[in-house]
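Here is how the chains run, residue by residue.
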Amino acid sequence: MRKAFPYLLLAPYLLFFILFLGYPILRGGYMSLFDWGIMGPKEFLGLGNYIDLFSDDRFWRVLGNSLLFTLLYVPPVIIISMLLAVLLHGFLPGISIFRSAFFLPMVINVSVSAIAIQWVMDPQIGLLNRFLDGVGLPTQTWLNQQGWAMLVVSMVVIWSSSGFNIIIFLAGLENISTEIYEAAEVDGSSTWHTFLHITVPLLRPVTLLVAVLSMISSLQVFGEIFMLTGGGPFGSTTVLAYYLYEQGFNNFKFGTAAAVGVVMTGIIALLTFIQFRFLGERNA
Amino acid sequence: MFKSLSGRRTLRYVVLIVLSLIWISPLLAIFIFSFAPNQDILRMEIFPTSFTLEHYNTVMTTTLRGVSIPTSLVNSTIIVVIQVLGVLILDIPAAYALARTNFFGRDIIFALILITMMMPGHIILMSLYEIMANMSLVNTLPGILLPGLPRVIGIFLLRQFFREIPNELEDAARLDGAGDWQIFLRIMVPLANPAIATLTVITVLYSWNNFLWPLVIINTPEMMTAPIAMAYLDSGTNATQNYADLLAAAFVTTLPVIVFFFAAQGRIIQGISPSSGIK
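Protein chains in written order, with the UniProt record's numbering: chain W, 1 to 284; chain F, 1 to 279.
Among the hints, a few may not be true.
Unchecked claim - A few chain W residues facing chain F, derived, Cβ under 7 Å:
id, residue
1, 6
2, 10
3, 27
4, 195
Said to hold, decoys possible - Label pairs and their computed distance ranges (CB to CB):
id, chain 1, residue 1, chain 2, residue 2, range
5, W, 76, F, 13, 18 to 28 Å
6, F, 32, W, 52, 47 to 57 Å
7, W, 151, F, 46, 57 to 67 Å
8, W, 43, F, 167, 53 to 63 Å
9, F, 173, W, 178, 38 to 48 Å
10, F, 166, W, 71, 44 to 54 Å
11, F, 10, W, 144, 56 to 66 Å
12, W, 30, F, 176, 51 to 61 Å
13, W, 234, F, 10, 45 to 55 Å
14, F, 104, W, 52, 37 to 47 Å
If you're looking for bench data, these hints aren't it; they were derived computationally from the structure. We put the CB at the ideal spot given by N, CA and C, even for glycine.
Excised from the complex, chain F in its bound form (with noise of 0.2 Å):
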């Protein structure tokens, strides 16, 4: 059976187009219809009849059953830079510690830290909400985001990091009179940039699609996240209503993510790829 470079070069293009467009159908398919006049959803059009921006018009000046979809864009936008800072500020120096310095119950300590990367988030989602009821944190921003904070998978991002960098910088840095503070901040957080910028790309993705804590903790319309949002919308629409307005607020609230997919695929494979040792 031969088949000559270019046959097979056209055939696998041809695989591609048909599989990747199947892929993003579902994307496309709320693309389009969210600028389609709501009767061609009910008609089962295959392609809209006309064009409308009156579900972009509904969705981001009105509030649909309490929701407003751009609170809950600015709810997920507060949630993520808190949740991305926080990460980074509890996770850089606790790494650091664990990789490159050497005290009294550091292994047991990492030890521990490993062992709870083992456990789903399940087995804390009934005390966890227990204890932020208690703090009188249900349903607050701090509630959402507070559980978020002590992410282990940057800890083992930057530990691995920090410890493949060779000793003799630092030595060289202490020959020339550098504390540890200096050794830490000047030297070894700017060497670790790489690995900084792949833990913000996984943290904004986590933190942005989360959806489990979120749903528990939520309860009004006003505090929703945008995930939770669309799922408190979609539970309440059926095919009589303006679904037109659900796919127009499913897309609003999807570009942000899609953007950001676009603008750091490169730290996203990274992040995900083996070799650099992140599951």
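So that you can see chain W by itself, here it is in the shape it has in the complex (with noise of 0.2 Å):
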């Protein structure tokens, strides 16, 4: 009887663990070397599907979008959560109203966020254009312009994400000893110069953390994409996570769209590597 209650404890946990994460993990795999339709496997091509992916010059886009969408979202957004966790720390009355301020985009859903900002960076009625247009700056169409539109996507996505790495930074903040900073008021340091070098160096473990996390984060973005440009114009907002969707549910190209997965899986994986191994699974 003893023996057997720890197996009765997990067995639930481990049924639904293996119908609904464990196995479609191993299927998704095994279906990336088919060419499979809606209908099922048609025929097996082996690594045709990565082949394919890495020969297509498409595809290639799309992990270049990726990296753009990286590039455009992570250093921002350590720096500006960074920037505010610095200003939200230490009591100040009603900071707490504040922080919940900033806290509060991460709950909204994006199809809400995005609706906000459609409406704002509408080409008719949006206010964003008037507004540009009153000050006699030239009006732009934000979301159907190359350029424009992957840093629109990115600033919601900064916006949304921020109160989740706030609250990591102000974790960070309460480690760092008062002691240091009233050394430093004594010295007569500056706000500035008691930020750059005190404040940065003793969080450099949690903004490691952050970065990690961060690219983890943004080579997975899709809803942002697929309310705010559908992945264009012209293909320039098309990355990782909408293609995987594009092929597997506008082109029913389950098997490439497993694979894009797969591929996606290694880089992510990589990635969660080298936070447990160089961060530590507790972290900071």
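Assemble the dimeric complex from its two separately framed chains, guided by the hints.
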């Protein structure tokens, strides 16, 4: 009886784990080796889907778009979240109200935030163009223009994810002893000098954690792309996750989509491995 | 460059007020213009010229392109409740077994669970869809919610918590004659309440805001969850249509999550902070 106890506890979870996570992962890998349509497997291709992907200019462009998004998203989100965390750290009457304001966007669904952004940037009824026109600057069709579209998407993702990262930075700031700041104050160090030479170096482990987590999530960005640009204009915002969705559910190339999923998994597993290996499971 | 302490504090307030207003401006704009006549939006008024509840009336009592917002809220609520209960019922015992019992294969099972954490959900998108199609679960509530049940994050959070409970408690209970089940249900689960509360909160948010999977598995308006309903309405609305209805729908579907955020803010922060060990 005693021997059965752990297995009884674990069995229900394992059943669901195998059914909806373990088996689908293995089957995803299996599907990627076939010409697999909506009616099931047609032909075994071996690594054919992967060879097709990597010899297709369009897929290289998708990889490039994902990399571009990572570059437009990760460095700004680190800097913005760190600065906001410093601003929100420590006691100030009413500080919790401000914290709430910055944390709130992370629980707002992408469909709703996208509606707000589309409205503000709408070529006909958007307030942004009205404002730009008012001050004599050229108006834009923001989301329909290559170059602007990806930048707008990255701004929306920065907005919605900054709360998450601010919380991680705040936890890091809690761990810095106040004595260091008092000493700096006594030495007459300016706010800016203290920030650059004390806060930033001491936050290094937390910054690394935020960097890796942000890179991992940036490679999976989907909702904002789906809502704001649909991968366009001219494929310029078709990132990995969106390409997978398009191949699978618009073109019904399940095998190709599964192969894209495996490629994404490879890149993300590598980044996660780095996180565990160099930052530790418990990190910071 | 000497700045008085109060001067610095005023500056900090000014910066905080300006930035936080920018941060919540999208939500504020949706809220304010959801009460405005549609012409205000078309005329690009910066502030509404009059107040109307017409859009809320439309959203709550009629269907827009086949979508009923109240139905989508009911769908979302059912999914959240079942997913939260399911995750707790599955994760608590499993995490306890992995944390505090010894059995053959424990470390391998834990390693396998850990490996899936390194994988993006996209790898199972195609295969899971096919599995659901084979089980005739496409466009059904079970089809939407079943894949959300084996939440690995809960195993991590709870396992860590159970491991930190001192052995003396368990030993003392055993001396008093308590069995395995009693120790688990009467001592360990109550002790794990804070971790269970954190898991509940992050599961509610995950479940309510889940986007990609419901988007794939739902294909009729009456099955849509709130976020998918909003995406669907948005895709069919343009500037010349009744944009204010869309804003009212956006606010109605967001209000539950805003209320939940303010009620559970502390737990959300705990769930994210690295010290509690969850990402």
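Worksheet item: Can you give the numbers of the hints that this structure goes against, from lowest to highest?
Response: Hint check: 4, 7, 11 fail, others pass.
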